[in-house]
Structures are given as C-alpha cells and as structure tokens.
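Using the sequences and the hints, build the whole thing.
Below, each chain spelled out in residue letters.
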Amino acid sequence: MEHPIRVAIADDHKIFRNGVINSLTPYQNIQIVFEAEDGEHLLSIMEEQLPDVILMDLKMPKMDGIQATIKVRAKYPDVKIIILTMYEDDNFILHLVENGANAYLLKNSEPEEIYEAICTTFQKGFYFNENVNLALLKKVLHKTKPQVKTTFKDEIEFSEREKEVLKLICNEHTTQEISEKLYLSPRTVEGIRQKILEKMNVKNSVGIVVYAFRHGLVE
Amino acid sequence: MNFVEIILIGTIVMFMLGIFVVTLVILQQKQVIQYKLKLKDKDLLLQKEMLRAALQGQESERKRISEDLHDEVGAQLSVLKLNLNHLQQQAQDAQVDRIKETKEFTDTIIQQLRFISQSLHPQALENLGLSHALDSFCNLMNKNKTIAIHYKTDGNKYGVDKEKALNVYRVVQELINNILKHAEAQNITITYQASPQLLKITVEDDGNGRLAGILEASKQKQGSLGLKNIESRLNIIGGNINFAKNTTKGTIAEIQVANFQPTI
Numbered sequence: 001m002e003h004p005i006r007v008a009i010a011d012d013h014k015i016f017r018n019g020v021i022n023s024l025t026p027y028q029n030i031q032i033v034f035e036a037e038d039g040e041h042l043l044s045i046m047e048e049q050l051p052d053v054i055l056m057d058l059k060m061p062k063m064d065g066i067q068a069t070i071k072v073r074a075k076y077p078d079v080k081i082i083i084l085t086m087y088e089d090d091n092f093i094l095h096l097v098e099n100g101a102n103a104y105l106l107k108n109s110e111p112e113e114i115y116e117a118i119c120t121t122f123q124k125g126f127y128f129n130e131n132v133n134l135a136l137l138k139k140v141l142h143k144t145k146p147q148v149k150t151t152f153k154d155e156i157e158f159s160e161r162e163k164e165v166l167k168l169i170c171n172e173h174t175t176q177e178i179s180e181k182l183y184l185s186p187r188t189v190e191g192i193r194q195k196i197l198e199k200m201n202v203k204n205s206v207g208i209v210v211y212a213f214r215h216g217l218v219e
Numbered sequence: 001m002n003f004v005e006i007i008l009i010g011t012i013v014m015f016m017l018g019i020f021v022v023t024l025v026i027l028q029q030k031q032v033i034q035y036k037l038k039l040k041d042k043d044l045l046l047q048k049e050m051l052r053a054a055l056q057g058q059e060s061e062r063k064r065i066s067e068d069l070h071d072e073v074g075a076q077l078s079v080l081k082l083n084l085n086h087l088q089q090q091a092q093d094a095q096v097d098r099i100k101e102t103k104e105f106t107d108t109i110i111q112q113l114r115f116i117s118q119s120l121h122p123q124a125l126e127n128l129g130l131s132h133a134l135d136s137f138c139n140l141m142n143k144n145k146t147i148a149i150h151y152k153t154d155g156n157k158y159g160v161d162k163e164k165a166l167n168v169y170r171v172v173q174e175l176i177n178n179i180l181k182h183a184e185a186q187n188i189t190i191t192y193q194a195s196p197q198l199l200k201i202t203v204e205d206d207g208n209g210r211l212a213g214i215l216e217a218s219k220q221k222q223g224s225l226g227l228k229n230i231e232s233r234l235n236i237i238g239g240n241i242n243f244a245k246n247t248t249k250g251t252i253a254e255i256q257v258a259n260f261q262p263t264i
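Quick note, the sequences are listed as chains A and B, same order.
In terms of full-length UniProt numbering, the first sequence opens at residue 1 and continues consecutively.
In terms of full-length UniProt numbering, the second sequence opens at residue 1 and continues consecutively.
It should be emphasised that the hints constitute simulated quantities derived from the structure, not laboratory data.
There's no promise every hint is true.
What the hints assert, rightly or not - If you want a taste of the chain A side facing chain B, the calculated C-beta under 8 Å gives, among others:
{"hint": "1", "residue": "E88"}
{"hint": "2", "residue": "N91"}
{"hint": "3", "residue": "K107"}
{"hint": "4", "residue": "F158"}
Ideal placement from N, C-alpha and C gives every residue a C-beta, glycine not left out.
Take a look at the structure:
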C-alpha cells in the first residue's frame, strides 16, 4: 500500500475535531497529522509540515476559512482543501470553489462521505457532491439566462439643448464659445449648465464630464 | 421753545420709542422662533440617532445569538450525529433503524437551526455582500415556504456600505414576510440594480394587490411594526420606498437608496 493520506483539520471547536478524527480512525489509509484552531494556526503549522488534504471550517476566529483557503491556495497549490462547514449556502459554495476549495461538505455529512471526499480529492483533485453540483449548475444557467440590465443609462432625461451643451462642455468649450456656437446668450448657456449640474447631482464641470463618460452619454 | 414745539418733540420721541420697543419685541420673537426650530431639528436628529443606536443594538444582539446557535450548537449537533454513526456500526439489527431515525431527526434539527440562525442574521452579508445575501435569502425561503421567490440582478459589483446593506436586507425581509402573510401571492420577484449613485431593489408579487394598503393601515394599529419598521430603517440610511399596483396583478415595491457605496 502507498503511504496514507495525510489529513489536517482546522476548526475552532475541539469537540468537533475529535468527533471527525474518531470517525476517521477506522480507515487505515488516512492519517491525521495535525489539528489547528484557526486559519493563522493552520498556516503557521504548515510552515513546517504539509498535509495532503485539509478539512477546513469556514467560521473561525482570527483568520476564517475563506481567508485561509485563499492563502493556502496561493502558497501551496498542491494541498487539497475540503471545506467542512455548517453553512449550507450556494453563494458560499461558489465563492469557495472559485477561490480554490476542492470540495465543500456540510458538518452533518455522513462520515463515509467525508472519507470519500478525502480519497477523491487526493486522487482526482476534486470532489463535488450534489450540493456543489447544484450550485455550479445554477451559476451556469444564470449566465445564459437573460438577466436584468441596468436601465440607469436613460434614467435621467436630458433635453436636446442640454445634450448639445453637454457635448460641447465635454469637448472643452468655454461658456463663451458654447454661446457663440449655439447662438445663445452666455447667460442662457450658464443656466443650462446649472440645470445639468442639478440633474447629475454633481458640483462642477469636471463632475459633468466624469458623469457623462461613466454613463456613456458622450464618446 | 413754545408749548406746541415741546409737545411735538415729545410726541416724536415717544413715537420713536414706541417703534423701538415694537422692533425689539419682534426681533426677540423671531429669535425665539428660530431657537425653537433649532431645538426641533436637534430633537429630530437626536431621535434619529437614538433609533439608529437601538437598531444597532438589536442587530448586534441578533448576530450574537445567531452565531452562538449556528456555530456552537450546530457543531455540537454535528458531533452528536457523528457519534450516532459510531453507534450505528456497532448496533444490532433492531437498533439500527432506531439510530438511523435519530440521525435523520438530528439532521432536521440542524436544518431548522440553519433557518433560524440565517433569519436572525445573514452571515453571507458580511462575507459576500448584499446581492449574494439576498440571493441566499431567496434560496432559504424557497426551501421552507410554498411561495416561489425569484432573484434577478444586473450583476453589478458596486460595494454597499455595511449599515445600509443590513438595513436594506431587513426591509426586503420585512416586505417578503408581509407578502407571505397578506398578499396571497404565488411568485415574488426581487430585482437588484445599481448605478454608481443609486441602488434600486424592486420586490414584485402576483398576489391580491392589497399589500400597500395593508401596510399603510398597520401603521395606525398599535403593536404592528411592518411599515413603520420599513420606513424608519430607510429613513436612517436616506432611502425611500414606493408602492405601485402591478400592471397584471399584485404589487410592486421599489426601494431606492442614493449614495449607497461605502466611503473610503
């Protein structure tokens, strides 16, 4: 037989760590190498000793499982991470899988499943159960399904005059130049400019330009 | 100086004095009014601050209870289940079924615990932001209720200020609870949209269209907090809510919050 799979467990509840370790003892090909109380603790132990697979809780003091997953993934790309948490939430599943988790299990999973997840992630690199598959599927379907579009582009209505002035402001024209171009008195131009300021809820011409570009009002 | 002149001058002096006194009185009154207005403003501000503090206190308490339940009790129940597994392996035929039932019962408790805990405080809000938290809320409700809640987003990535996010979340939660209670709806659609300046969330149901009326009426009743709760929360964060009749049937509630992004 090859060497046993070295497993580490990071969880702030000792009673839960013990529970998991107890239920994994019958399996000969699994060896618990160390326990950590939080993300920081885990990373500090990993300076000296690397496991093959980490069972990682999400909610932990000091450094939580999300941060720890990101850090471990960046520093030790070969170490497999199995999230073992109370949080049953598609958004958490997606977030963690996107950030490098190799499996996502709930704490009330059957020990057989935890065992299977350890073996599968170790051999194949990942273990996706129904929870994860459904979350991923939802995401894929979400992407192809037409979602709402932001409709704010036309939310503030500008009159034709205002649009003309807006365009000229964005082209660096002064009030004087604009009034000459549009055959309006400078006071009228100033009035229109004031109106644009109010509509956009900005303070000065720079604000107008920034707004106009951000909202695609000018090219 | 003759007598007439003296009288004339005297009258003028008296008249001037009179005007002076009247002006003084008017000025003083103006000051009093201004002072009262200021006091009122201050009072309103103080009230707002007090409400905010009360809500914050309530939220942090909820968070504590939610986390204790979820993390402590949840972990312990999970251990209980692991132990039951252990027992199951060693048990005799007749006991195996009993233990299996107990395990399933434990799972049910854990599921309920998750629901209670997430209703008390949305953990996803802190880690993943408002949009994801609302999506998670819909998933949770869909698992536990007969109504179908659909969630749509424009996929924008604008961050939302923490306090504002939590208040908006609570408002949506309150709306959904009221729809469940009163609107006789089958479907709810929540739409999440944002521009850099404005966050807009609509909650649309296909029910009896009486939601706005019922909420308005509940304002008069004592002990009913529905709309009051919604309005005061939005007031604190400078948001507003509008109700409109849905074109087909039901109600559309639109929540708007300006300047919602966190200040850095």
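Mind listing which of the numbered hints don't hold for this structure, in increasing order? Those not satisfied come down to hint 4.
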